[in-house]
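Asks: For the record, the sequence lines run as chains A and B.
Numbering-wise, the working numbering puts 4 at position 4 of the first sequence, and it's gapless, one number per residue.
Numbering-wise, the working numbering puts 78 at position 78 of the second sequence, and it's gapless, one number per residue.
Read the hints as simulated data drawn from the structure, not as lab findings.
There may be inaccurate statements among the hints.
Stated by the list, open to error - DMTMM-like mimics (lysine to aspartate or glutamate), calculated; alpha carbons at most 20 Å apart, straight line: (1) A:K85 / A:D73; (2) B:K180 / A:E58; (3) A:K24 / A:D200; (4) B:K156 / B:D117; (5) A:K85 / A:D200; (6) A:K97 / B:E171; (7) A:K97 / B:E163; (8) A:K233 / A:D219; (9) A:K97 / B:D166; (10) A:K117 / A:D127; (11) B:K180 / B:E163; (12) A:K10 / A:D73; (13) A:K85 / B:E171; (14) A:K75 / B:E171.
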Amino acid sequence: MDQQPIISFKNVNKIYNNGTVGLKDINFDIPRGEFLVVVGLSGAGKSTLLRTINRMHEISSGEITIENEPISDYKGQSLRLLRRKIGMIFQDFNLIKRSTVQRNVLSGRVSYYPTWKSVLNLFSAADKDRAIHALERVNLTEKLYTRADELSGGQQQRVAIARTLMQDPKVILADEPVASLDPLTTQTVMDILKRLNQEDGITVIVNLHSVALARQYADRIVGLRAGAVVYDKAIADVTEADLTKIYQTA
Amino acid sequence: MTTPEIPQRSWSQRWHVKAVGWTALLVALLMGSSKMTGVDVGMFFSNFDQFTNLLVRMSQPAWSYVPIIIQPLYETIQMAILGTTIGTVFAVPFAVLAASNLVHNRWLRGIIRLILDLVRTLPDLLLAAIFVAIFGIGSTAGVITLAIFSFGMISKLFYEVIETIDMGPLEAMESVGASKVTIIWYAVLPQIMNQFVSYFLYTLEINVRASTVLGYLGAGGIGVFLQRSLSEFDYNKTAVIILATLVVVMVIDGVSNHLRRVLL
Ligand SMILES: Nc1ncnc2c1ncn2[C@@H]1O[C@H](COP(=O)(O)OP(=O)(O)OP(=O)(O)O)[C@@H](O)[C@H]1O
Ligand SMILES: [Mg+2]
Numbered sequence: 001m002d003q004q005p006i007i008s009f010k011n012v013n014k015i016y017n018n019g020t021v022g023l024k025d026i027n028f029d030i031p032r033g034e035f036l037v038v039v040g041l042s043g044a045g046k047s048t049l050l051r052t053i054n055r056m057h058e059i060s061s062g063e064i065t066i067e068n069e070p071i072s073d074y075k076g077q078s079l080r081l082l083r084r085k086i087g088m089i090f091q092d093f094n095l096i097k098r099s100t101v102q103r104n105v106l107s108g109r110v111s112y113y114p115t116w117k118s119v120l121n122l123f124s125a126a127d128k129d130r131a132i133h134a135l136e137r138v139n140l141t142e143k144l145y146t147r148a149d150e151l152s153g154g155q156q157q158r159v160a161i162a163r164t165l166m167q168d169p170k171v172i173l174a175d176e177p178v179a180s181l182d183p184l185t186t187q188t189v190m191d192i193l194k195r196l197n198q199e200d201g202i203t204v205i206v207n208l209h210s211v212a213l214a215r216q217y218a219d220r221i222v223g224l225r226a227g228a229v230v231y232d233k234a235i236a237d238v239t240e241a242d243l244t245k246i247y248q249t250a
Numbered sequence: 001m002t003t004p005e006i007p008q009r010s011w012s013q014r015w016h017v018k019a020v021g022w023t024a025l026l027v028a029l030l031m032g033s034s035k036m037t038g039v040d041v042g043m044f045f046s047n048f049d050q051f052t053n054l055l056v057r058m059s060q061p062a063w064s065y066v067p068i069i070i071q072p073l074y075e076t077i078q079m080a081i082l083g084t085t086i087g088t089v090f091a092v093p094f095a096v097l098a099a100s101n102l103v104h105n106r107w108l109r110g111i112i113r114l115i116l117d118l119v120r121t122l123p124d125l126l127l128a129a130i131f132v133a134i135f136g137i138g139s140t141a142g143v144i145t146l147a148i149f150s151f152g153m154i155s156k157l158f159y160e161v162i163e164t165i166d167m168g169p170l171e172a173m174e175s176v177g178a179s180k181v182t183i184i185w186y187a188v189l190p191q192i193m194n195q196f197v198s199y200f201l202y203t204l205e206i207n208v209r210a211s212t213v214l215g216y217l218g219a220g221g222i223g224v225f226l227q228r229s230l231s232e233f234d235y236n237k238t239a240v241i242i243l244a245t246l247v248v249v250m251v252i253d254g255v256s257n258h259l260r261r262v263l264l
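With the rest of the complex left out, here is chain A:
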């Protein structure tokens, strides 16, 4: 692993417009290549934390740096380039349901093209190949021309991962990626994320509700409560008692 952290939070606070505290004085580093799992009760601020990393949410104070660059000043093109290197996976997959799997996967590549080329669908042959390879990684090549809404939830999530791979991301953020999947599909999806982490060295940050899953896949677990980090340990040091404590109310 690299000495320099890939992502670093310094005194980060987030207060929503309505006064809700989203994040409270967050300080921690994420080393390159880590598989980090964020746990916490509903409303603890997990989604908020994740979305500040690709600037889908703005922070109120403090600083987030990615590869040693503060990200808060990015605008327009530079913000899009930042987002290009950070893939995001959602609980509801967020595929374009009426479009084919191929188009959905290719849509992950649009930031490499000028707008007019994306609009006219002028993807290079190399990128069409890349789409097939991305689907190969999630074992879904046979669905290339299927419409996204004809897939099962687990398949849709795998297409979403393939879309993210098209970005060639250094980081993948996954916000409860398995919350709407059955136990078996859950393993498949988590295994894929783990493989991308180990084989490609992609830094993966996953929000999870399940403590068992967190222990199975994480290199490190961070616990949030009311927007603050209340727990932060490498997986080797995590005990069952710790985790029960995170999930205790009050």
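Since the structure of chain A is already known, use the hints to place chain B with the ligands on it.
Replies: Just chain B with the ligands now, with coordinates in the frame of chain A:
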């Protein structure tokens, strides 16, 4: 088996106070407004025989008139298609800018909506009269009138559709680093396409009918012939024109149903 405890409905829920209240209010409004505007429903029924008389005279369509109206009918359809298309081309960007889920700038949205409200307020007959005065008698005036009318109607229908879409795919495209236009193209368009097509065809249908009326003002098309037949009391010709228009409207309806099924 014991019956589970069911929560009590409140008094107003039990007697459907809301539904009854709204119905009463609506009826009152209807009666009030017909009184104020001087509409006499009784007159409608007492003069019913004149109406049936007209229907009887229209019940023998002059089929020999059909070849004569083919050309103007064709012109009407062209006017309607052209007007609707031009209106739609301008309506799409306005609809995007007026949609509250795409444009967060309240001022911009407010100004756009004000313009759209204004356009919808202009009566199409007034527009037709103005454009006939400017461009002279003929279909140019008709096309421009229909374009403006379609613009006002379609932009409103479209932005209301846009406001109902699922925002998830937009979030995903944003996270991928896509530009605004790309986001709209990839994540918005597929979600609204079939409703857009059906609203487009609906407007086209309305425009076919509207252009018959516009013909009265000299704005070209079948309307000129409709007006002539009516002023000459040639009701059997009128019947032919109405039937021909009906056929066109039905064809558009069929196309619309078909396309909606295909695009779903
Ligand atoms: N757009 C918003 N405006 C105001 N408050 C918000 C907004 N989004 C989230 N919050 C609040 O911020 C807090 C943290 O929310 P967040 O969605 O990050 O929690 P979470 O840990 O992801 O929860 P869950 O497990 O239910 O997804 C909650 O109290 C929530 O109500
Ligand atoms: Mg959440």
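Asks: Looking back at the numbered hints, which does the structure fail to meet, lowest number first?
Replies: The structure breaks only hint 3.
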